[in-house]
Amino acid sequence: MNTRAGANSESQPQPSRRQQHLHYASSPTTSSHSSCCCCLFLLFSFFALLVLAALLVIVLAIKPKSPHLDLRQVGLQYMALVPNPTRPGPSTAKLYLVIRLVLAVVNPNEVGIRCGESRVTVVYRDTPLGRTSLPAFCQRAHTVKEVVATMAVDDVNLSNADGADFARDALLNDRVELRVLAHVATKIRLFNLPSPPLQVSVNCVIVISPRKQSLTYKQCGFEGLN
Numbered sequence: 001m002n003t004r005a006g007a008n009s010e011s012q013p014q015p016s017r018r019q020q021h022l023h024y025a026s027s028p029t030t031s032s033h034s035s036c037c038c039c040l041f042l043l044f045s046f047f048a049l050l051v052l053a054a055l056l057v058i059v060l061a062i063k064p065k066s067p068h069l070d071l072r073q074v075g076l077q078y079m080a081l082v083p084n085p086t087r088p089g090p091s092t093a094k095l096y097l098v099i100r101l102v103l104a105v106v107n108p109n110e111v112g113i114r115c116g117e118s119r120v121t122v123v124y125r126d127t128p129l130g131r132t133s134l135p136a137f138c139q140r141a142h143t144v145k146e147v148v149a150t151m152a153v154d155d156v157n158l159s160n161a162d163g164a165d166f167a168r169d170a171l172l173n174d175r176v177e178l179r180v181l182a183h184v185a186t187k188i189r190l191f192n193l194p195s196p197p198l199q200v201s202v203n204c205v206i207v208i209s210p211r212k213q214s215l216t217y218k219q220c221g222f223e224g225l226n
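If you count the sequence shown from 1, position 4 lands on 4 in UniProt numbering, and the numbers rise without skipping.
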């Protein structure tokens, strides 16, 4: 009985040396592949950190500054205060106004900037009389660019106290005080890379003379927000 069991065990085929060699060789191949991926990841991380460091050095060298926005000129082309035929009286008059505004954008940076769509609003007391917008444009470093906005205020109803005050200022005092609000969103142009927006605003108080159809006073306050 023992002899037969020994014969059966000896009759089982043994794995060849070539199969053993292939089995043992698969483990070093997997380890080599993992090491290669790890090296590529470290190399990519190194280059990413190198690029970020270079950009940081460039930004610190450039020292981005907020552009300046100024209201250079105000031209009153037309102004009329017409009584409302359906409701007579100065407190319900209709306003017609055409005003030309010249805005100047000053770029003090070492690189160019891109100005987005600008918004300009004319306000009497707390009542917006009209709004207009300017198209986006690009501006080179250390330059001043003037943009022109023509705003037409057509058939604006002035009622109650605002209408009475406007009629008194225009017809009796020949002095109408308005506020001009302008907002421009700018970005630094650096290798066509996105940058945080720089919101630039200007708030001007102007006084116009309806009889002379001209500007008599202007005072502006500036605001730049990063």
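There may be inaccurate statements among the hints.
Unchecked claim - Once the Cα atoms are required to be at most 27 Å apart in a straight line, the calculated DSSO-like pairs of lysine-lysine come out as:
hint, residue 1, residue 2
1, Lys65, Lys212
2, Lys187, Lys63
3, Lys145, Lys65
4, Lys94, Lys187
5, Lys145, Lys187
6, Lys218, Lys65
7, Lys94, Lys145
8, Lys145, Lys218
9, Lys218, Lys63
Said to hold, decoys possible - Restraint-style ranges between C-beta atoms, simulated for each label pair:
hint, residue 1, residue 2, range
10, Leu171, Val102, 54 to 62 Å
11, Pro128, Cys220, 48 to 56 Å
12, Leu49, His142, 12 to 20 Å
13, Cys138, Leu50, 37 to 45 Å
14, Phe47, Ala104, 14 to 22 Å
15, Arg140, Phe47, 13 to 21 Å
16, Thr216, Ala185, 28 to 36 Å
17, Ser45, Gln219, 17 to 25 Å
These aren't lab readings, by the way, just hints derived from the structure by calculation. Backbone N, C-alpha and C fix where the C-beta goes; we use that ideal spot for every residue, glycine too.
Evaluated hints:
no.: 1; hint: Lys65 with Lys212; in the structure: violated (40 Å)
no.: 2; hint: Lys187 with Lys63; in the structure: holds (13 Å)
no.: 3; hint: Lys145 with Lys65; in the structure: holds (16 Å)
no.: 4; hint: Lys94 with Lys187; in the structure: violated (40 Å)
no.: 5; hint: Lys145 with Lys187; in the structure: holds (15 Å)
no.: 6; hint: Lys218 with Lys65; in the structure: holds (26 Å)
no.: 7; hint: Lys94 with Lys145; in the structure: violated (35 Å)
no.: 8; hint: Lys145 with Lys218; in the structure: holds (20 Å)
no.: 9; hint: Lys218 with Lys63; in the structure: violated (32 Å)
no.: 10; hint: Leu171 with Val102: 54 to 62 Å; in the structure: violated (28 Å)
no.: 11; hint: Pro128 with Cys220: 48 to 56 Å; in the structure: violated (19 Å)
no.: 12; hint: Leu49 with His142: 12 to 20 Å; in the structure: violated (32 Å)
no.: 13; hint: Cys138 with Leu50: 37 to 45 Å; in the structure: violated (29 Å)
no.: 14; hint: Phe47 with Ala104: 14 to 22 Å; in the structure: violated (43 Å)
no.: 15; hint: Arg140 with Phe47: 13 to 21 Å; in the structure: violated (31 Å)
no.: 16; hint: Thr216 with Ala185: 28 to 36 Å; in the structure: holds (32 Å)
no.: 17; hint: Ser45 with Gln219: 17 to 25 Å; in the structure: violated (55 Å)
Violated hints for the displayed structure, listed by number in ascending order: 1, 4, 7, 9, 10, 11, 12, 13, 14, 15 and 17.
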